[in-house]
Amino acid sequence: MRGAIAAIAVNTVRDAVRNRVLYILVFFSLVMIGTSVVLATLSYVERARILQDVGLGAIRFFGAAIAIFMGVNLIHREVERRTIYTILSKPVTRASFLAGKYLGLVATLWLQLAIMMLAFVLVSLASGAALGAGHAIALGLVAVELAVVVAFATLFSSFATPFLAACYSVGLYLVGHLTRDLRALGAGSESEVFAQTAVWIHRVFPDLSALNRTIEAVHGLPIPPPEVGWALVAGLAWCLGFLLVAVVVFERRDFR
Amino acid sequence: MEGETIVRVEGLVKDFRPGFGLTKRRVLHGITFEVRRGEIFGFIGPNGAGKTTTLKVLMGLIRASAGRAELLGHAVSESEFRREIGFAPESPYFYEFLTGREILSFYARLCDVAPAQIAARVDAVLGEVGLSHAGDARLRTYSKGMLQRIGIAQAIVHDPAVIFLDEPMSGLDPVGRKEIRDLIVRLNAQGKTVFMNTHILSDVEMICDRVAIIVKGRIAYQGALDGFPGERKLFDVTLASLPPDFVEEVEAQLGTKLDGRGERVTLRLAEKEMNELVQAALVRGARIEEIVRHRDDLETLFLRAVEESR
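Residue numbers (the working numbering), protein chains in the order written: chain A, 1 to 256; chain B, 257 to 566.
Worth flagging that the hints you see were computed from the coordinates, not collected in a lab. It is possible that some hints are incorrect.
Unchecked claim - No more than 25 Å apart at the CA atoms, straight line, and that leaves these computed lysine to aspartate or glutamate pairs for DMTMM-like: (1) Lys280(B) <-> Asp254(A); (2) Lys280(B) <-> Asp15(A); (3) Lys400(B) <-> Glu251(A); (4) Lys400(B) <-> Asp415(B).
Remember, predicted model here, so these are calculated numbers, not experimental data.
Sequences are here, hints too, so could you generate the full structure?
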């Protein structure tokens, strides 16, 4: 079973890196990181912070965009192209297939993330902007966030068309970044119903803002290790949770 | 082991729920058939009869609504035994950025072929399907015929005991069809059981041992290609050197004029009439050149089955 998962993951990476569409998206992200240099020159103060803020923002935005774009097509393309027929007729369980595709896509995204990180580091060094452990933590958490985004995009891809899966994924991504603010808003509200609803939304939906430490990294603020540890555990749990639901949905599906 | 049941389908029912699933459409109405080890089995039927749906149930791609389907004694929902089967879908499409060699290596790994044997096995299979020259070319550059052959190659790369082929000759020119037919016969000669879904009856007649005809989700016939049900026992008798008075006698008896008068005539007769004619011809000094059992061809049977289902 592990052999099949590894073979599918490697094949997914190989198929993805030979697809030119991805290079276009990575190219745009690199252009955006490069543009941060231009934007920083527009300001007389805190040029380094603006440069890194824009650079990290570009990495997170394009990373999530590529994750959703590839994730929502992950299963649909296999069914559409009927490649899934030849794979599932082999001694490969549906869970192994899903796990292999997921891991392959995460590996592909991390490869692209590494290219964007390298561009960010080079631009920072060339501009004299300081780099520290905070940047490494922030970028590491971006990697975890991408794994979560791929997990829920894979779940939606297991039962919906790419368009609907993309709508659901973008929606969940946005909600995931707002749940913490919503909870804070609820805590300050006089309405008990709103406060409780906000708490439940924060509990049910993934709190993606826990994986966003770019402000601390850019401003050189401390990032408490327990919070990083908790974010990693939560990120892993969300990935597993979404994938388990995806497997249950996928197991019941007919490939007509 | 010869004669052992490899595929057993009993009372298989499949319902689809189109749209929002409020109504259901039955596409398989409790079909039953079996395939035995070592045979080439033709599963034939008109478009929309349920051939591909049946095959997808056997491949675990869709779930049966009721009934039983077993391969090699295992329920089709199981996965491990699939090492022993190979499947080539109709008009296969693969990861087009990969080469023929890469895709076959990938499928070999999925089937747990030992890593040390994969390269040799891939080379052998590329040779078997006549694609040795194109192994390093990307699949996007392959023609339809080449993709059909790589589809069969991925089905046999792990040396399975049973091979399922969905419309293997579909869209191929006569040369391509013959090559695939020859390949199927070669695989069968190696001891592999072949299950073939097709609507090209001439191919079935040439290579299949037994067939099942499915019409509107029901099995209309299953059995060997000789002795179809409802077939009349007829003989084609060819006589030569007939005396003129004997010709007249025969014409009077059959109520028809014979072509070729006295030189060489061929008549299609029932068994009793054939016996009487042969005896009389021998007495009258005519020469019996040939007596051949006449058989309905598969097309006749197929069209009869379709007609009866209306």
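Status of the hints after comparison with the structure:
no.: 1; hint: Lys280(B) <-> Asp254(A); verdict: holds (14 Å)
no.: 2; hint: Lys280(B) <-> Asp15(A); verdict: violated (38 Å)
no.: 3; hint: Lys400(B) <-> Glu251(A); verdict: violated (32 Å)
no.: 4; hint: Lys400(B) <-> Asp415(B); verdict: holds (24 Å)
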